[in-house]
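Protein chains in written order, with my numbering: chain A, 1 to 331; chain B, 1 to 623; chain C, 1 to 349.
Fair warning: there could be bad hints in the mix.
As the list claims (entries may be wrong) - Result set (EDC-like, lysine to aspartate or glutamate): computed pairs, CA atoms no more than 20 Å apart in a straight line:
| # | chain 1 | residue 1 | chain 2 | residue 2 |
| --- | --- | --- | --- | --- |
| 1 | B | Lys501 | A | Asp227 |
| 2 | B | Lys174 | A | Glu64 |
| 3 | B | Lys171 | A | Asp59 |
| 4 | A | Lys101 | B | Glu269 |
| 5 | A | Lys101 | B | Glu233 |
| 6 | A | Lys245 | C | Asp127 |
| 7 | B | Lys445 | B | Asp427 |
| 8 | B | Lys174 | A | Asp142 |
| 9 | B | Lys444 | B | Asp390 |
| 10 | C | Lys110 | A | Asp227 |
| 11 | A | Lys245 | C | Asp174 |
| 12 | A | Lys292 | B | Glu482 |
| 13 | B | Lys553 | B | Glu576 |
| 14 | A | Lys71 | A | Asp47 |
| 15 | B | Lys174 | A | Asp47 |
| 16 | B | Lys452 | B | Asp496 |
Stated by the list, open to error - Below, a sample of chain A positions facing chain C; criterion: calculated Cβ distance under 7 Å:
| # | residue |
| --- | --- |
| 17 | Pro191 |
| 18 | Asp227 |
| 19 | Tyr228 |
| 20 | Arg233 |
| 21 | Lys235 |
| 22 | Gly236 |
| 23 | His246 |
| 24 | Leu248 |
| 25 | Arg249 |
| 26 | Pro326 |
| 27 | Arg327 |
Claimed, not checked - Take a look, some chain A residues computed to stay more than 10 Å from chain C by CB distance:
| # | residue |
| --- | --- |
| 28 | Met1 |
| 29 | Tyr4 |
| 30 | Leu14 |
| 31 | Pro109 |
| 32 | Leu141 |
| 33 | Asp186 |
| 34 | Ile243 |
| 35 | Ile255 |
| 36 | Gly260 |
| 37 | Leu313 |
Because the hints were derived from the structure by calculation, they are not lab data.
Where a beta carbon is used, it is the ideal one built from N, C-alpha and C, also for glycine.
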Amino acid sequence: MARYIVRRLLWAFLMLIAVSGVVFVLFYVFPSADPAQLRAGRQANEDQIQAIRESLGLDKSVLEQFWIYIKGVFTPFDLPGTDATGPLYFGHSYQSNADVKDVIFSDLPATALLVFGAVIVWMAIAIPTGIISAIRQRSLLDRTTMVTTLVFISAPVFWLGLVALYLFAQDVGIIPIFPGIGSYADADSFPAKCASMILPWLVLAAATAAIYARYLRSQMIDVMQEDYIRTARAKGLPERRVIAKHVLRSAITPIVTLLGLDVAVLLAGNAILTETVFNIPGVGAETFNAIKRSDLPMIQGITLFGAFFIVTLNLVVDIVYAYLDPRVRYE
Amino acid sequence: MRMKVLRALVPGLLVVAGLLIAACGGSDETSTSGTSEAAKQYAAPTEAPSDAQSGGDLTVIAASDVDYIDPGAAYYQFTYMVTSATLSQLEGYAPADVEGPTPLLATEAPTVSDDGKTVTYTINDDVKFSPPVNRTVTSADVKYAIERSLLPGVPNGYVQTYLAGVEGIDKAIKEAQDNPTGGAPDISGITTPDDTTLEIKLTNTTSIGVIGALTLPVSAPVPEEYAKQYDAENPSTYGEHQVATGPYMIQNACVADDGSIVSKKCDGELTGYTPNKEIHLVRNPNWGGEAGSPPDWDFRPAYLDQVTIQEGFADTVSASKKVLSGSAMVNGDFTTPPSAIKQAATSGEEGQLTLTPSGGNRYVALNTQSPPFDDINVRKAVLANSNRTDLRNTRGGELTGPVATHILPPEFPGFEEAGGLEGPDLDFIQNPDGDPELAAEYMKKAGYESGKCEGPDCEITMVGDDSPPGSDTAAVVKSQLEQLGFKVNFQKVTHDIMYTKFCSTPSNAPEVCPNVGWLKDFNDGQSMLDPTFNGANVVPENNSNWAQLNVPKINKAIDDATLIDDPEQRKQAWGEVDDMIMAEAPVIPYIWDDQANIQSADVAGVVNKFNANWDLAYTSLKP
Amino acid sequence: MSPAPLLEIEDLKVHFDTDEGVVKAVDGVSLAVHEGEMLGVVGESGSGKSVANLTILGLTRAANATITGRITFEGEDLLQIGEDELQRIRGNGISMIFQDPLSALHPFFKVGAQLIEAIQVHQDVSDSAARAHAVELLELVGIPDAARRMGEYPHEFSGGMRQRVMIAMALTNDPKLLIADEPTTALDVTTQAQILRLIERLRRELGMAVILITHDLGVIAEVADRVMVMYAGEVVESGSLDQIFYDPQHPYTWGLLGSLTRVDQPRLARLAQIAGQPPSLINPPSGCHFRNRCPHEFAKCTEHPELEQRGGEGGHRDRCWLAAERKREVRVVASTGAIGLEAPKEPAP
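Using the sequences and the accompanying hints, generate a full structural model.
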């Protein structure tokens, strides 16, 4: 197991370098706005733009820029021209000049609260719904939940977000019961921050809860056909215990994999729509700003952090999976 | 100032939000009227009510961050909203100032020597920097502020244009570029004979441009002994450590929320600024006045105790609703979207919606250097055929501004001289709804017998926005061009890419740029017409003359007008330049934007006409 | 007069309502098992033998199932009692073991835990007592190093060992009746014999009754007291082991036995010897359900035969219309090696 983890970590390291490379390539190959011109202002002349290009290091070849970046992120060596040194030096934002790492760390709490809260909400919805639908197949309840589920899966998150806002937000809603847009920034205590997250949680969780419920339902239905469930019943176990222990234990295992990846992807800034609709100052909102302003260091930094989360959580999921499913062993 | 008023962010967001509002709000009736009646009806107050109340906290709801927190680089309407409350330039703008600025740090308007080549300011001797600097401002602080703006680490977008006539500036620019971290270069033409005198020597008579540029934040004093350590970095970090001279300051560790001094000395790093998230303004304890009663040298009453600018409201429809239904809020950087304007106009309380001419225009640029638009008759045909009302309506209809007939915007010096709302006496601009017959005539004059464009030249490329409303405008432009027989290849990219990679790079410029426009820097025709239509200003990159118009007599007229230092003559001259440009039909101007600003019902907001946005130092909360 | 049977099933019908129609999985089965007795139930898959036995424990109760008849166990009608009472009997009075011991054990729980759970669900004993009992049971079924193997997962056991675990689990609460549903099918031949011997030994030592369900008469031959042959949801022949083996009355039984005589052929080939497919349980042939596969079909076969003593004697009953002497003639053909079922159809007498 230890050898497996070490090997995986080495791969992760190489993958992160590759991801940085891909972002560089994408940024230069696909049309993006010229950061130097954006920064210089509309009346700046060629020399000014050139000076800015130099100060941002954009005059160097792509390969050289990439090398400097990689050196800053992954190695502890001094970087010529700056007094900031690696490792974990992600550069400064073209736009605000803020240290990318600091910005991302300052964004993480909001995103983490959003994502983990949403995870709790969607699991709290998905598990009972999935179980009930599975054991009461084709009942009215099952059909109703599955239709609702389809609606939520098909609804775009930003649409759902706006609908939620216009229905329930204290600032712009018809039935003003939950804190509205931008309330996270106003909240100064943890309970207040949680309250500000109620609508975003529900919105972010809605579609995922629906997907998980459906997935859990189909998993449970599969598991209930298993011989060992018949064995459990034949042993004389109460049905409740058969479902809660024997069926759920098997049905939930693949969901752990799903959950790990979903959490990673959301932490990586994929809550972008929810964050922008509700103005939650998290990684997603930062991504939105960075892309809008062609802020390469920010985009690069967020992507790397995202890749890091995904790689790490993937590894965690694999390890957890080995504990959940004793048949799995990594060499 | 940059035309960077944030439009269309997430296309989907806005479309959906729009649909939602449309569904709730009934049909969208648009008017074809070309007047600015709406602007009159919703004119913004330019002075505080007589019973204005002191105290209270205001929240500004914004979509994005300021362009630069550094006052030396600030070049954006929304940023000016902040700097006009925290800084004291040599001259500033009171809310009603249209014709010219009002002295602020300077005791009076600058004197210009008889030869027009020396500009002298006398500055107040009782203005103090906010903590941790705390000392009295001298003329040297203004000199330093201007000099540091030449540093590559302080990306100022206008100083080198307007101050090009200042003695020794070329040398200073070179010095700064050769040694970006060597500190601000000395500009030999700017001298400080004593602590209250600032003298600027020019090599030509461009004093009006210089004086105009020095009404902008670059002339707000910066203490060299404090700032130089930050200016030695590239980019400079003075912005994150700036000190204030206005009634407000961006909070730092020296000052508490209520504006009281915690400590006279602190490291000066702003605690009240988080990029893309928040700017927190508190009262500047060294300002010298009280809420509602400014010190003798200042004209800003500054009623509010604190202002919090909250950023990141990407969906401007819900942000607008929040402002309209909330308390103690105003909009910040975004123009209120049409659906919210409608809501404010119909169901809001009186005064919640204000419309102010923004001092900007939007137009469709035709590339005059490339066939088929190198033929003036083809251009005239395109203008004649264009239904500019339709184009204007893509931005939200009548409440968003009148249909433009020329370049200089309403209430701007030279606007009336250029023909006012009616526009210049040119047949192809007369009918805002388009005149297909006239267009056909011009096409025939251009040699297209059928009245429609035919042949390989008629296959043209257009690069425009990929999100509404810009993409809507572009789509209408495309169909109008197709009516004349053009085959239009419409490439959609983001607004920034459209500018930096295509329309502002002549070597890569398409035949048509449908989503360009210009906002004044200050109230002088030079800032509207010189960068955009002077053939001498066509540059390989960052070009703003999108039509690439290069007509010698217009170039000369612009250069001449720049040197006129009598305001009346100057107005006349720019009005004429405007008409000369329109006679060349290089662009289809279709709107002079009115900026729609909104406020919560309990805010007594005052709009600064110069900036077309809320003036934080005049706005108060209703008693 | 023999004592009342431990388990008595009377006219059991289990019908499933499906989209395609009513599946008559079990259609009027009666049987009785006495204490300590081993009953063999034989039939092809789909003959209803497993369903009938699962129904005993209420494991076929579903929204679309219609179950009628009577299942009396120790004086209680299992079809009338509720789920709670059934749970009390399951794994306690009556235990089951299944065909595939790998899929029948939960893959995510340790063997010990599954055993202990089975003990504690019926007995209020401490964890350590349950554990000790579980180890004992594993030793009883012949698993070496039982204490250590308690901590292993099912996939760490071989097939035979797993089936031993299943048996141990079935024995946890000293059941009166063990239902073994194809317990050896998934195992190799050597292991099959070991498991059968184990079941036989435990039956003798513990004195429990066993219902051994199989498609393979050979399995039964070693151990059963009485045999029931099922076809298409019905019992087609029942009698003592000797009666079935030495005086089989039903052509289907001949087929099953015929396959036994051909030990020189591979097992699969032997199984394939009954021509045709098992009938649809939704719409079985009218009359004798076997007639479409039966080489001896004649006019009478369109009538449905009752299970009654015909050619046999001493409680030996069957559902074949053929006259006793005719059966003996035809059966001779079968025993000569030209298997009865392959004989040409005969004209109706």
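Next item on the list: Just pull the numbers of the violated hints for me, sorted ascending.
Entry: Structure breaks hints 1, 2, 3, 8, 9, 11, 12, 14, 16, 17 and 24.
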